[in-house]
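Assemble the whole structure, with the sequences as input and the hints as a guide.
Which chain is which? The protein sequence lines are A and B, in order. Residue numbers for the first sequence follow my numbering, so the first one is 1 and each next one is one higher. Residue numbers for the second sequence follow my numbering, so the first one is 1001 and each next one is one higher.
Some, not all, of what chain B presents toward chain A, calculated at C-beta under 7 angstroms:
(1) Ile1013
(2) Glu1016
(3) Leu1017
(4) Arg1018
(5) Leu1020
(6) Arg1068
(7) Arg1069
(8) Asp1070
(9) Arg1073
(10) Pro1074
(11) Pro1123
(12) Arg1125
Quick list of in silico lysine to any residue cross-link-like pairs, SDA-like style, CA-CA up to 25 angstroms:
(13) B:Lys1076 <-> A:Glu158
(14) B:Lys1076 <-> A:Gln98
(15) B:Lys1078 <-> B:Arg1131
In short, the hints are calculated from the structure, not lab data. All C-beta atoms, glycine included, are put in the ideal place defined by N, C-alpha and C.
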Amino acid sequence: MSSMMEPVQQDQMSQSGVSNFAANTPTYRIKRPGARPLAFDGSELAMAMSYTPHLPYWYEVNLYRTTGQQFVAAVRLFYQDAQEQDVTRAWEFDTVEQALDAISDYDASEDIRVSVDPSSKSMSPAELAAHAMDLRSQVSTARRHYQSLVGEFFFELEADQ
Amino acid sequence: MGTDTQVNVDVTISDELRRLLRGESPPADVAPPACRTDQPEMTKDHLEEPPEPEVQPQTQVWRDIMLRRDGDRPLKFKGLRLFEWVGMPEGHRSYAQQTLTLYLGSDKTVYACLVLEPDADAPARPAHQCRPIEDVSAFEAFLNTWQPEACFEPVFGQNPQHLSRHMTIVSAVRSVYETMIAGCLSKRLLQV
Chain A
1 MSSMMEPVQQ DQMSQSGVSN FAANTPTYRI KRPGARPLAF DGSELAMAMS
51 YTPHLPYWYE VNLYRTTGQQ FVAAVRLFYQ DAQEQDVTRA WEFDTVEQAL
101 DAISDYDASE DIRVSVDPSS KSMSPAELAA HAMDLRSQVS TARRHYQSLV
151 GEFFFELEAD Q
Chain B
1001 MGTDTQVNVD VTISDELRRL LRGESPPADV APPACRTDQP EMTKDHLEEP
1051 PEPEVQPQTQ VWRDIMLRRD GDRPLKFKGL RLFEWVGMPE GHRSYAQQTL
1101 TLYLGSDKTV YACLVLEPDA DAPARPAHQC RPIEDVSAFE AFLNTWQPEA
1151 CFEPVFGQNP QHLSRHMTIV SAVRSVYETM IAGCLSKRLL QV
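See the structure below:
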């Protein structure tokens, strides 16, 4: 599955291999929607992904340590459909626990795309109610999917502690 | 929740991170290692470490137990497994396995754990829930919040056959679970 990830990740993150501080420390540049890219030199500490062949999307979480002793947490949403736009979110923290909390606390409902204009007057109340139910179902499904990955990630993380 | 292991390539944890969380310093003059990608890890839904033989070899009966929880860090305690029930839908035996396990903690706390393990071909993610159970009503509440059918995501698109298959599986998974909890609640296991 990692081989599937590589071409996708190139769109989201570049890795130049150039280091300012230490040999073999790659440079990461993570694109973020609505924010400047997060660029840093460092190493990847952990990764987990929820790829499932028969689901149209999956999540990947990554944890990095920068050469400046900061920690970067990233949550990526990938789609199997090449027409869909993948989404990456990333944050920088002072401690590894803060970064782990960011991964744990991420709300996957932020990734739900609303295709209905609730102010539209062309829809009947019944149609609006149906859309609302569908939206609620999507939110629940996305949260359940992401939380499954988070549980797997922390289980593996603490298995040898 | 079986004890069989399987190769897990979906999670990689570097030794550097494990050292960090244990409060150990990385070796000096060594660049931080990259995340391990060539070494598959063994995974289980739960871990039960055997007791240390050096410590109280005659009386040590408790094991270190760690239970995976969706959206949270694992639940860890010393305890024993009391009861395990495994169910699979008839006719779809490979599609999803559900397991209910009860543990007794060394402090006399009872823990309940529910796991759904979908087949790799299923459009579903695994689900793991567990919590301490204070009394029978808490156990009933725990069982009633479990929604195994919701783990199967509706990705059937425009193909009516996919929709039909999805509904069949969802119904079968729910049916297995309802049969299970009916048996559990009638046995009043926690009152034993």
